[in-house]
Structures are given as structure tokens and as C-alpha cells.
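K.L.:
Here's the letter readout for the chains.
There are 4 protein chains.
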Amino acid sequence: MEQLKNKIPVGILGATGSVGQKFIELLDGHPWFKITALGASERSVGKLYKHAANWFQTKSIPTRVANMVVSRCEPDLPCRIVFSGLDAAVAGPIEEAFAEAGYIVISNAKNHRMSEDVPLLVPDINPDHLTLIEQQKYKGKIVTNPNCSTTGLVMALKPLDDTFGLDKVSVVTMQALSGAGYPGVSSLDIIDNMIPYIDGEEEKMQIETLKILGELKDGKVEFSDLVLSAQCNRVPVINGHMESVSLSFKKPAKKEEIIRVWKEYRSEPQKLGLPFAPDPVIYYFDDSRFPQPRLHRELGNGMAISIGRLRDCAILDYKFTVLSHNTVRGAAGGAILNAELLVAKGYYED
Amino acid sequence: MEQLKNKIPVGILGATGSVGQKFIELLDGHPWFKITALGASERSVGKLYKHAANWFQTKSIPTRVANMVVSRCEPDLPCRIVFSGLDAAVAGPIEEAFAEAGYIVISNAKNHRMSEDVPLLVPDINPDHLTLIEQQKYKGKIVTNPNCSTTGLVMALKPLDDTFGLDKVSVVTMQALSGAGYPGVSSLDIIDNMIPYIDGEEEKMQIETLKILGELKDGKVEFSDLVLSAQCNRVPVINGHMESVSLSFKKPAKKEEIIRVWKEYRSEPQKLGLPFAPDPVIYYFDDSRFPQPRLHRELGNGMAISIGRLRDCAILDYKFTVLSHNTVRGAAGGAILNAELLVAKGYYED
Amino acid sequence: MEQLKNKIPVGILGATGSVGQKFIELLDGHPWFKITALGASERSVGKLYKHAANWFQTKSIPTRVANMVVSRCEPDLPCRIVFSGLDAAVAGPIEEAFAEAGYIVISNAKNHRMSEDVPLLVPDINPDHLTLIEQQKYKGKIVTNPNCSTTGLVMALKPLDDTFGLDKVSVVTMQALSGAGYPGVSSLDIIDNMIPYIDGEEEKMQIETLKILGELKDGKVEFSDLVLSAQCNRVPVINGHMESVSLSFKKPAKKEEIIRVWKEYRSEPQKLGLPFAPDPVIYYFDDSRFPQPRLHRELGNGMAISIGRLRDCAILDYKFTVLSHNTVRGAAGGAILNAELLVAKGYYED
Amino acid sequence: MEQLKNKIPVGILGATGSVGQKFIELLDGHPWFKITALGASERSVGKLYKHAANWFQTKSIPTRVANMVVSRCEPDLPCRIVFSGLDAAVAGPIEEAFAEAGYIVISNAKNHRMSEDVPLLVPDINPDHLTLIEQQKYKGKIVTNPNCSTTGLVMALKPLDDTFGLDKVSVVTMQALSGAGYPGVSSLDIIDNMIPYIDGEEEKMQIETLKILGELKDGKVEFSDLVLSAQCNRVPVINGHMESVSLSFKKPAKKEEIIRVWKEYRSEPQKLGLPFAPDPVIYYFDDSRFPQPRLHRELGNGMAISIGRLRDCAILDYKFTVLSHNTVRGAAGGAILNAELLVAKGYYED
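Protein chains in written order, with this note's numbering: chain A, 1 to 350; chain B, 1001 to 1350; chain C, 2001 to 2350; chain D, 3001 to 3350.
Incorrect hints may have been included.
Claimed, not checked - Derived DSS-like pairs (lysine-lysine); straight-line CA-CA distance at most 30 Å:
id : chain 1 : residue 1 : chain 2 : residue 2
1  : D       : Lys3255   : A       : Lys50
2  : A       : Lys59     : D       : Lys3034
3  : D       : Lys3250   : C       : Lys2251
4  : D       : Lys3059   : A       : Lys34
5  : D       : Lys3345   : D       : Lys3110
6  : C       : Lys2050   : B       : Lys1263
7  : A       : Lys7      : A       : Lys139
8  : A       : Lys254    : B       : Lys1168
9  : B       : Lys1050   : C       : Lys2255
As the list claims (entries may be wrong) - Looking from chain B toward chain C, a few residues come up when the C-beta cut is under 8 Å (computed):
id : residue
10 : Phe1056
11 : Thr1058
12 : Ile1191
13 : Asp1192
14 : Arg1294
15 : Leu1295
16 : Glu1298
What the hints assert, rightly or not - Some chain B residues well away from chain A (every beta-carbon gap over 10 Å; in silico):
id : residue
17 : Ile1061
18 : Pro1078
19 : Glu1100
20 : Met1114
Simulated from the structure, these hints should not be mistaken for laboratory data.
Remember, it's a predicted structure, so these values are computed and weren't measured experimentally.
For glycine and all other residues, C-beta sits at the position ideal for the given N, C-alpha and C.
Bound conformation, chain A alone:
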């Protein structure tokens, strides 16, 4: 899909936070979207963005954005699409206010993910769920993306579920630090250490996966009946969630079939040629040492996932390792792909 002649103006809610910064970094040079508004908390309002944000991304603040003035997170921003990187503590009512005022809210927050009429969307996995927004009462719309640890998992599972039918899935995560936001995890808690607990994470993985892999029937998502058990750990890695997965299928599956299904997987975003759609979606490595966060998290500009070590499991059928970039595919990049799908599907009109 080519560059739009007139780019679509978009706003960022929670623009100074870590997800907000990632939105700004990733939207720089986007062929369809152009940032025209930055919303943040009272403390930042009225300041130039470069003075308001404690910017800590590896690329510099895009010059144009650096010199924009930060606004309140109130629904009078000069745009019709807003990306929300708001903290869950405040995201609920603010996002609703924007939706009621007619904005399309592309949210990374957890607050509306489980609402019946809100799509929990991964465009390569459940693009049809987007139609749920037609049932929303808002003048505008709310679309959400899942928790960062859920995203990598469902991307590995979906092609297999389609082909062999998933029965049981056991997953142990080794999650990156950026998933905890900034300042997030203290260095004293994680250097020469790891933490076997992330508050609320296992519950989110377990329920979100079932919704995303669920079937849309009569305008409702019928949750998947797969049985899922998650154990979540934090490890001293900056970016890139690793997951050790074991699973069983309803139908027989051969190792080479599974690998082929992963490698060949393409979906709506690839067909539509969405700017942020990776192709391939899934990299499979034959080298047992791979994937690794530092080496492979940037594949597909951080939007692809990487899998390796598929082998027999003595308890379930197979086990393997999957890696995804938690702040790109699992957060800001995933949300941008959601917005792209929504635009390509005609839900945005000038």
C-alpha cells in the first residue's frame, strides 16, 4: 500500500510515558499517519515536548514532534485517531471520553480489552474481530491490543490452531524489563538476578489468549476452549519476551508440518500490504541456540516473531521457544498495525 497523499492526523495520549515515546518513535516517517497532537498529564501541559518528556529511546525525538506543545488529554485535539499509551490507572475514563466524543481510540491499555464489544486485536491473527466495533455505542470507537506476553504466544499458536486444533498449552515466560515501563524494575532487583513473578500477568495471558483465538459468531466472540497455563518470570533483558511453550493438538501433527505452517503463515495485513505488516510473520530457526532476544527481536522491524527448538514433549505433544519484541509487536507497533487495519477496512473517513 502506498504513501497517502494527505496523511491522517493522529494524537498520542500519554505522550511522555514509555509507550507514548515508542509511538512517537515508530510513527516517525509513517506513510499514512502524522502526529498532530500530544496529550499528557497536567505536569507537562503547555511545555514543548522536548522539555516535557524524559526521552530515553535510542533514536532522537523527531524534530517536528520535539517542538510541539503538549496538551491536556481532553477530547479537543486536532485529529480523529488517538493512540493511547495511558497508564491503566487513568486510561479507562479518558479513553471513553475520547470515544464518546467521536475519536477512534487505538489503546494499548488493559482497561477495555475484555469488554464484549471491544476487539482485542492482533491483525495477523483475528482481523475479523475488528467488526466488533460496529456494536459499540460510542460515537467513536475503541480498539485494543493484548498484553505484550500474550501477543507473541497467540501469533505462534494461531497457525497451529487453524490447522491442528489446540487442546492444551503450557507456557513459561522469560520477560524483558521494558515490559514493566519506566522506571519499572530497579537495577538492584534484576542484575545477577531474576524475578519469578509479574503482577497480574499470568491471568492476563490466560484470558486474553482465549478471546483472541475465539471465533466471531453472531457478532460475539466465542472464547476458545483450549486449556492454558502460564508461569511468568522477569529476566535481565532490555527488550524481547522469550517463552518456553509445550502444547497438545486435537488432530495429529507432524513436526515438519508444524514448521511449514508457521513459515507459510500470512494473513490480512500481509494481503492488504499494511505498512507495519511483517512478511514473513514467523521466522523459524533450525539452529538450536536460536531465537535469542538480542539477535532476533528486531526481525521484521520488531513486528515478526521468531520460533525455534520444536521437539517432542513427553507430557503434551510438542514443545518450542518463541520470541517477540514486547514494546514493538507487543505494544506500540501492534497498536499502529491495528490502526492501519482499521483505516484499510474503511472505518476512518476524512
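Take the given structure of chain A and dock chains B, C and D to it, following the hints.
P.N.:
For chains B, C and D alone, coordinates are given in the frame of chain A:
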């Protein structure tokens, strides 16, 4: 058990390597054993130990050992017990030569672990397996301890197996760097990174656990019939293997019963008061954030294990996290406890 | 010096913070002092210490302290000596209130360090400065210890200053994370990274060093006239400040003399046999790779310093590397040694 | 400078090593150069590159190179320019053999750096030194780039030397792990640790800097007379050497002048528009916390340097912090810029 009047002379095979150094560090001040011989490869023979070893432990080389001259690993050392920290590539024939010459070989190498007449010993778990040595054809004896990732697991499993009968166990490890020896893992491979693969580790965990939890019948170990699946990862932690475990039982088990069984577990080494026996054997934490390697690996002087987060599993019955110190309990310290049990059981005579 | 028959009751101000925790850890089993009071902020008052503190030391909370009830930081605690681990933001008036009420305040905070009548004390370096307290107007007393990066430096400098007369000192620090307190430095700021700035640190090093190395004349400290320049960096190390130092002398000094002066250095705490006095005070390493934080920070139970790599400097006379444990010698342990000196010198009476 | 119509064929010596891999990564898509030959040691000869190399860069092996067959490092390669990432242990004679056979050798090894007729070249700093090659007796030529820690330093110093005349420079480095090659530094030596020593590094910095800042007179380099003292440390950072510098000038210099001189610095590569020439050459940060390796090492695609914290020094005149990317600007990228300058200056003819 008190200090022996005349300490038992012992030798270290592979004295300059990382396990050898740990033997020397842990045996310093041991109430029963006194190092009288250091064996290493040709390169080191004839040198003072302090010049031969690239010592990298946090405590200094014990002065007496520092000034000992390194010998060949040949069975003419002035002692009758040798601790072997030899690399698997050379351990096989050397250990056999010592055993044939009448030495008691307390080995940390994998070479003889699966031999029918060699005990794969964790004194708190399967002390009765020690009697296997009576069937050995050697003039001396060989006793082995398991792989470092196996040790922590069997210590968590044994009390439950005794009480509820284990059915299935799924384990995902997050293992420390010291387990790979020195220099081992390159810093470029592990800072801001992790590796989803450790060569041969999963196979070792899977088979060793069955032998250790096996029953001694008619002088033979009948392997446990539990079904075990292991996935092994390397993480940027210096010491302390963490494992995310899920399991099912043959009999019903309540959460509080499991925790009680762990907390109350005592075994032969505690009854005998062996110097390296921890008491308690198992620490259970109610705080969900625990155990953590840097905070809890030294509990019981590195000989106890730590468990936390016992909770229901949607696939098997329960899941939890276990931590053990891989170079103490999982290697040199475990081997020393093996030697202590052997002495306490009367297998060593002056 | 032996165990006291009746231990001296002491209190900890800021007991739940990171320095407060270190005081509790280090005072456990102290032959002279016994903790009888714990002061903390309103949030913790009335709770058992084990419930109030987010304890993150590697040893467990001493059982007796764990079950003590936390009090307000008000001068009605059942003791006459208090160790202050209070944050500088609140330490000033609280410490003064205690001093005025007759308490001996052993403070780790910066607030009173530069006051004319307050000793900035490192007992091995300037024990005579303790007499400054005789000029204090308080009913009680205030004694302070320097900033953690200053302590290691002055301990390396003092023996040389006594012997050769210091002229100029240039120091570049590479400081550990625990120096920033807890949670302190975000993991996202320091993994695969370092920070060339620590707020206020260079200024503190530059002025505190001159006071500590100053001469006591007519009841006043005449600051040292050495010229000092400091550059302070934060590196991803948990404990142990490293410093690259270059310096010039007023008198000629040979390399071997310098090393001898360091190795032979003993001072008042060693002569008095104070419980926390290290002996030797300074370790010198011939191996160019040493000292290193993880290997040598615990020497002398964290109270000794380590030096290596003394060599010619093309600009000044010599350069070398010094390491000290920043939370032991540079904070809580240093403060405890201050209290020990004060007691041994007869300033504490029952 | 635009894309060449027919790209210049180049070879890589030591193609499987860490510098060799970086050459391949950086030359992918280069507008002037095209890799046509890969030389490596006997072990790799005859294999496809993808099978011969243990590739560990974050981008994948460029497909065309992945499928090239590895050759011996003998002067019969199908190209006239070779980039040498050979280890110093073997680089000397191999590079000479190539030069004698008529090849232009762009070397990253230390072996010929100090030869009188070999330019030790940083094109932004001493482009005129390139003419030294005219005196070489070889049929071909050898051009070298300096040690990685030297490069960042001379780039910070040169603009100041030109304007104010350098007198004395004291530098303490905190160097990244990739500077030690692969596997290089063991993870056990550097996690929660640092090392105050890098073999030969201080000597290299001290002498190379004087040659690079030297003046070309009558076809010879007259070494700079500045007095330089270096202290080199290794820290747990993957890429990016940080240096704490203090210095004095021959002429008076104001802070704002120094910063202006840095910011405005442009040289031959910028004028010629060489593909790898950064513009700006030097970034200066007003924020005291900057530069930092993880945030700023990629500025100018890793070819620019970053400076911050310019402030008065009590001993010399000023002090500041400088950062450079050690494997890009300090190694493979610097060598490529050398080749670009050589081509642009007409030393390469088809």
C-alpha cells in the same frame, strides 16, 4: 557430628578448574576433611597451586592450599578419598584408574552417573542408593552426584513423591552462568540476552531424575515411572538455577499439605548431623516475588533449596518455582555431602 | 576488644530504607551494640518491622528485629545512640532534634558533614577529628561519615599524604548501583549501559576529602591544600566503587615505598581492636587484573579497601586503581566503626 | 557522492571473525563496494560462508554473502582492495603478502600501525597522512586505522588541538565488551563486575594518539608533543566506549568556544561526501546525564562521536565525557571510511 580428631586426607582431581576451585573453597575449614593432594593436567604439574590456578572465587585461596604443589592425576596421591571436578572429556578413565587403585572417587562428572552399580546420590533424597557401591568391582569406589539442574528439581520432588506419588512433571529452567564452567558463556552472548538451549541438559535432567527417584530393589535401582519433560534456558545470573515446575500427583494433594511436607522434610543427613547437611532442607516463601537467585541462593550455606508460588495449574495439578545453588548444592557442595554420608556410613576406614 | 557484658542499646533512624536495612544486617551479632528501637516514617509506624520493610538484603531479617514494632523518628526512643540512615531530605532537623535531646547521632546523611563542629570521620584516617564533638552545643552529639565514593579515596590517600605529602589528585569513579539507594537506578538505564553523571557526587568528593585529610588545629579542622578533581560515573555493578586515580606528591616517592606504606598502614581502630576494624586496612594486588568489585569487595568483611596497578603517570607522578565496598565501608559499616571509636574513647557513658 | 555505476570488488580477510562479520554487515548495500571474496583460516576454506561463520550480528547475513564460498587468505582473490579483520597474531605477514602482490590492504590490525610509511588514518582527523602510502615499497598499499579506544579520543581532541593547542591529556576509559572480540570476556568475569585492565591498551592509546595528531612534514609524521596518560577499564556494556577526559591547552579557551569548535567541526570526508562520513561529526549534549552508550552509540550510524559534561578541571583546564562506537567508528566502519577516502583521492584505479 563433631570435629574429627585426625582429619581424613583428601585429594582434588581437576583442582585448577572451576569445580576444583569450588571444592577447595568449600573444604576450607571442613571439620572432617583436609586437602593433602591436588591433581591437575600436565600444564600445571609441579607448580605451586597459586601459580597454576587462575583463581576466581570471591574468597582468597586458603593459604595452605595456595602453597601446595600440583600433582598429576595419577593414583599415587597421599589420600584415599578424591573429589573429582574433572571435565567429562577426561573424567571417565582417570576416575576408573583411581577406583581400581583403591581410591574412593566422589565425582561431579557425568561419566559414571548412569552406570548400574554407581549411586547417583543426593544424600537428602536417596541415601539408601549408596549401598550400590557394594556391588562395584573396583578395589575402591565411585559415587556420583547429579547434574546441577537435576539436583534442585529432585529435592523439590522427593517429599511430594513420597507423600502423594508423582505422575507428571514439566519443568522449564532458567540456569545460571556458572553452570557452564569457566570461561563458559561469552559476555557477548548473554548481556541483554538469554539462550534457550543448553547442550545435553534436558536429556540429563530427564533420565537422572528417574534414577534418583527410583526405588532400590534387590540391589538394583528400579527407575521411577513418572513422566518428565524439561526445557532448559540460560539466563544472565551468576549463581542459582531457577525452575518453573508444574506437576500432577497420583493421590489428591492439598496446597497446605504440600507446603507442610516441604517445610517438614528431613532426611538421613539431618539425622546424622552431617556437616554440610542443611536444616531446614527446603525454605518455602509466601511472598510471591520469592525465591530469587541473588537473595536466596546462599540459604543453608548454599545447600538448602527455596520454593515459592505454589498455585493451581490448569493442565496438571500444581505449579511452583524452585531455586538451588548450582555450584554448591548442585556440584561441589553436593559432592562433599556425598563423601560425608559415605564416611558416616562406615565406608571409609583408616 | 572483647564482648561487652551488657550491650549498649542503639536505635536505627530510617530503619526501613536501604541504609537502615544495612545497619540492621551488620549489627546482627555485634559484640557491643544491640538494637532496641527502630524509627521510620509515618507509613511504617506501629507495624512489625518485617511487615513494614521491603527487605532486600541477602541475609534474612534477624528474627528479633523482624518482630520489633516500628516507632516514629522522635527523640523518645529507648537508647542513647542512634544510627541515622535517613534520607538527606529529612535528616537535618530530625538528627538535630535527637542531638538536642541528648542522643549521640551516628549519621550517614550529608546534612551535617560540613558543619565546623561536626567530625566527618573515618576512624582509620582522622580519628583525632572526633574531638570536634566537644565543641558541639547539643546536649548530645552528631558524628558523620563521608559519602561512599569519598571513603575509598581518602583511605588510599591518607597513608601517602602522611609520608610523601599530596599535591594533586585526579580521580575518575565507576560507582556501584547500591550507592543510589533503592529503587534507585532503573534497570532500563543501566543494563548494557553506563551513566557519566551522579548528581552532586563530584562536589561532595572534592570538598569532603579536603576536610577529612585536614589537620586539627586549635579545635578546628584546617582543610588540606591538595588540589582534587573528580569525575563520577555509574556502572552496572551491584556493590563496590572502583576509582581510577592519578596523583602527585610534594616529596619524591618510589613505587615500592608507596606499596609498603599501604600494606603497613594501621591506625587507631586497629590499635584499639575495634570490632569492625579491618586488619590489614589495605590490600595491594600485584595481579594487573585486580582489584575487581565482585571478587574483592568483601575483603575485611567489606571494611578493607583494595588497590592495584600502581604505575607511573605521564602527567602526575603515579596512577592506580582503588576499590571499596560502598554500602559497608562507605556507609553503614563505616558509621558503626565511628560509633565503636566513640565508645572506645569514652564518649558514651551508661 | 553518488552510487558508483560499477561497484568496486573488495575482499574480506578474516571474514568469519568478529571484525570480519562487522565488515560484511556494514558493507551490505554500500554504494561503492561489493564483496567478491571472503578469506579465512584453513578450517573454513571451501565452505559456504553461512556454514563457516558463527554469525552473531543482530542483522542476518546478507543473502549473497551467505552463499559465497570461503577462500584461503592468499593473494589470488578476485578484487584489488581487501579489508583485513585478521587477528594480530597472523595479520602481519598475510597483509604484507597482499600488499606485495599489489592489493590495497585496509587493515584494522595493530601490526603495521606504527610503521613510518603506513598511515594510521582517521579520515576526519588526519586525511593528509594518507599520502604516506606513496612512500611504501609494496606494489600495493597498506592503510591502518587506530585502536578502538584511540579513535574516539582523537576525534574529540583534534578540533581542540587545531584551535587551542593541546598540552596535556588525561583519559580514563570504560570500554565495551565487543572490543575484546568473540568469545572475548567471560560472562563470569563481568556481570556485576568490571575489570581495571586491558592488556596493551594504555600503551596503544598513548602512542597512536601522538602519531595521528602529528604533523606531516617532508613526507614524515612528526609526532605530537602533547603529554598523554591513559587508564583503561572494561565495563559490562556490549558496544560503545566511554572516556572521562581532562586536558589543558597551550592557548586560553572558553567553554562556549570549545563547544562551538566541536559542533562545527567538519573535515575532508564531509567535504567529499564520503558515504560513511557522519555529519555532524560530533554531537554535544547539554544534558549532564549524556552521552550514554546504549542511547547514543548509533548516532551518525555509529560513525559520529558524542560528547557531554564539559566543565572546569581543578588540575588541568577542562574535563568532559566522550563516547564512540567501538566496532563501527572504532573498527570496521572506520576502515571502510579509510577505503572511501583512498578511492576518492584517486589511489584506486580500475
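K.L.:
Look at each hint and say if it fits the structure.
P.N.:
How the hints compare with the structure:
Proximity of Lys3255(D) to Lys50(A) is assessed by CA-CA distance (about 24 Å); at most 30 Å being required, the pair is judged to hold. Between Lys59(A) and Lys3034(D) the CA atoms are separated by roughly 29 Å; this keeps the pair inside 30 Å, and the hint holds. About 27 Å separates the Cα atoms of Lys3250(D) and Lys2251(C), which keeps this hinted pair within 30 Å; it holds. Taking the CA atoms of Lys3059(D) and Lys34(A), the gap is near 29 Å; set against the 30 Å cutoff, the hint holds.
For the hint linking Lys3345(D) to Lys3110(D), the alpha-carbon distance of about 24 Å falls within 30 Å, and the restraint holds. About 20 Å separates the Cα atoms of Lys2050(C) and Lys1263(B), which keeps this hinted pair within 30 Å; it holds. Distance restraint check for Lys7(A) and Lys139(A): the Cα-Cα separation of roughly 23 Å lies within the 30 Å cut-off, and the hinted pair is therefore satisfied. Among the hinted pairs, Lys254(A) with Lys1168(B) is consistent with the structure: their alpha-carbon atoms are about 23 Å apart, no more than 30 Å.
As the CA atoms of Lys1050(B) and Lys2255(C) are separated by approximately 24 Å, the hinted pair is consistent with the 30 Å bound. This hint holds: Phe1056(B) has a C-beta 7 Å from the nearest C-beta of chain C, less than the 8 Å allowed. Against a cut-off of 8 Å between C-beta atoms, the interface hint on Thr1058(B) holds, since the closest Cβ of chain C lies about 6 Å away. For Ile1191(B), the suggested interface contact is upheld, since its CB lies about 6 Å from the closest CB of chain C, less than 8 Å.
Hint on Asp1192(B) holds. Least Cβ distance to chain C is approximately 4 Å, under the 8 Å limit. Here the hint on Arg1294(B) is kept, as its CB sits about 7 Å from the closest CB of chain C, short of 8 Å. For Leu1295(B), the shortest C-beta to C-beta distance to chain C is roughly 6 Å, which falls under 8 Å, so the interface hint holds. Evaluation of the Glu1298(B) hint against chain C yields a held restraint, the C-beta minimum of about 6 Å falling below 8 Å.
No beta-carbon of chain A is positioned within 10 Å of the beta-carbon of Ile1061(B); the least distance is around 23 Å. In this structure Pro1078(B) is separated from chain A by more than 10 Å, as the shortest Cβ-Cβ distance comes to about 39 Å. Residue-level check passed: Glu1100(B) sits 38 Å from the nearest beta carbon of chain A, beyond 10 Å. For Met1114(B), the non-interface assignment is confirmed: its Cβ lies about 18 Å from the closest Cβ of chain A, beyond the 10 Å cut-off.
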